[in-house]
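Peer 1: From first to last, the protein sequence lines are chains S and G.
The first sequence maps to residues 1 to 443 in this note's numbering.
The second sequence maps to residues 1 to 301 in this note's numbering.
Hints in this document: simulated from the structure, not taken from any laboratory.
Don't be surprised by glycine CBs; every beta carbon is placed ideally from N, CA and C.
Don't take each hint at face value.
To be verified - Non-contacting residues of chain G with respect to chain S, defined by C-beta distances greater than 10 Å in every case (computed):
(1) I16
(2) V79
(3) D168
(4) N187
Claimed, not checked - Covered stretches of chain G, going by a simulated chain S footprint (3 or more residues, C-beta under 8 Å):
(5) 90–100
(6) 233–242
As the list claims (entries may be wrong) - Calculated cross-link-like contacts (lysine-lysine; reagent style BS3-like; alpha-carbon spacing at most 27 Å):
(7) K284(S) - K228(S)
(8) K53(S) - K266(G)
(9) K301(S) - K199(G)
(10) K251(S) - K198(G)
(11) K295(S) - K199(G)
(12) K198(G) - K100(S)
(13) K99(S) - K266(G)
(14) K160(G) - K99(S)
(15) K160(G) - K60(S)
(16) K251(S) - K199(G)
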Amino acid sequence: MIKTKTHIKSNFSPLKKNNLGHLKIATAGSVDDGKSTLIGRLLYDTKSLTDDKLEAIEEKSRQRGFDYLDFSLATDGLVAEREQGITIDVAHIYFSTRKKSFIIADTPGHIEYTRNMVTGASTAQASIVLIDARNGVVEQTYRHFFINNLLRIKNVVIAVNKMDLVDFSEEKYKIIKGEIEYLASKSEYKDQQLTFIPLSALQGDNVVSVSENMPWYQGETLLQHLEKLDTEDISDDSQVRFPVQTVIRPKIATYHDFRGYAGKIYGGDFEVGDKVTVLPSLTKSTIKSIHFFDKEYARAKSGSSVTITLNDNVNVSRGDMLVKVDEEPTITKQLDATICWMDSAPLQVSQKYYIKHGVNDAQAKITQLNSIIKTDFSGKTENPSELALNQIGDIQLKLSKPMLVDAYNQNKSNGAFILINPKTNNTVGVGFINPPLIPRRGN
Amino acid sequence: MNQRTIQVDALESEAIYIFREVVAQFEKPVLLFSGGKDSITLVRLAQKAFFPAKIPFPLMHIDTGHNFPETIKFRDQLVKELGVNLIIRNVQDNIDSGRVKEETGRYSSRNILQTETLLDAIEEFGFDACIGGARRDEEKARAKERIFSVRDDFGQWDEKNQRPEVFDMLNGRIDLGQNVRVFPISNWTELDVWSYIKKEDIEIPSIYFAHKRNTFLRDGLIWSADDAVVFRDKEEKVVERMVRFRTVGDMSCTAAVLSDAIDITKVVEEIRDSSISERGARIDDKRSEAAMEKRKQQGYF
């Protein structure tokens, strides 16, 4: 147990914080697997908790009669969360070491809050799936591991937690490792890099400091591993996509004829002079200039929000897309997709929703519900009548207008969409576009 | 022809992307401007998002009447330079008309009264999106906030039932009467903001830098004695100290910190090595463990 008296803050010299960009990590795992405690431990051991926040945690822990520091108090920011001792919604927690700075999305373990887990995981560059060593792989572990695969998160850490409660048993750890490796062998996403770490978040074993209780484990601690991960977005290695968010026409004397297309570049680089296709019109042109604020640049990389002008006077508006010639996405009014359902009202065939694909909107009708996918990788239930909250299934959609899409496994940024319920305006599902893509007939 | 490649700043590009989504998805956005470093940073990002066009929405300041004079001077100058429209709504007006009751006593503050004035202004102008400079690293309830955060007619935040926000797809669909609070620098830390201000050479109000000020101590915090706004007992002794402010909220709830950081480079260094959080000097958060969450539920920004 972490006794409060052992906390002598004045003796610590805080690790230097840096600001080299943040590595985004999502946590996952079932209720009470210790996600919030693990994050608290990371914050504490990297001296990332400021004195005033630490004092607040000490005081609250004492009030509640704990003889240890309840680190989940650092992240469970809502009253209802602290009352129930659970995490309801994603909290974004920051900490840094000399080498790297991190944002951790502390996501809920409860099945009813899976949508919030997806929210946290969708923007993550790495994921930590916690497993309680006493309970092993449980339903939520399957689900979260499956969602990590669906999202194609490349770096996944399997943190076998609460090793202190199983006498630091290597055997228990190996059983869990074997089970996850078996699941991974059945996943179609083969580029995933799995790292297994046995730890105790409460006692600090293998989180920041090497555990003396598990000499049989020779690998890295969790923090050592996280510090080594690449911050480069692994999705930025596909064909370039530039969805136009808005058209900039200043209509002032100095920029009288300026007509710039504002958006963010995904998947690659653009250079002045590049031959481009404007979609969906399929008009060809070349890049005349690339603007960022008050300067012009010759080249812009993936991830930058820029304004582009073209050499030809073509008609471009919001939702249109600039791509390199011969790298066009599919123009289609029909989609096959895997969808994760996030609404209490189930998805049913022939229902209509709004679809948002990047910055493009349309109406969508569910034409088929093919199957519900079992998240333990044991197969599918064919032809279900509906898809309920937190279920994942394969569907087909018909769209009210052509969209410019890639399969998610080819291009992450251009292969996902959300569905919005037109009655409530709520986001009710997130979809991942599957091959084969069916181009619209004619033009 | 310029041969340079743009250096990608992921946080900056994300914020610019969010600004452009706001303008594309909403009819009447407004940028809530306090004169603090976060809203000043927002203004720079908005400029970048739409250049060479002007910022396509007004700024709005909810003035508690207890602002640091330096902040107000700075605000008026900035607005003049940018040529944008500034809307000012005063908490004082609501106090005078009896709509809200001013707190009294030792810890009285007008901070909470801002909410009512803000909600009135949203209704008066029909704003459907209010852009603010809140960040997730500031406070644990803010750590839970979405980038597009839907509020109902009463400005209430339904914290247990937020919309999923996946990838960078932002769902701005709302019913009549609802509005969305938008937080473009959600993912920035205090250090990110300061580093950006330094990199961009952005001007900020002088009270952010160390200066000599008459102050008194209370509950371990340092309060300004120069202005009549903060209630002070006769026993509380006034001493001149070298201080600066880390946030520039309402004077009645914003304490100073001892500091020698007289310029931006020193401020960045100080923040980097700090062991007290930014809001550690904000008495409004210390009222209870859930102070921020409660204020947000009621429509606080």
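Peer 1: To test your reading of the hints: which numbers does this structure violate?
Peer 2: 1, 3, 4, 5, 6, 7, 10, 14, 16
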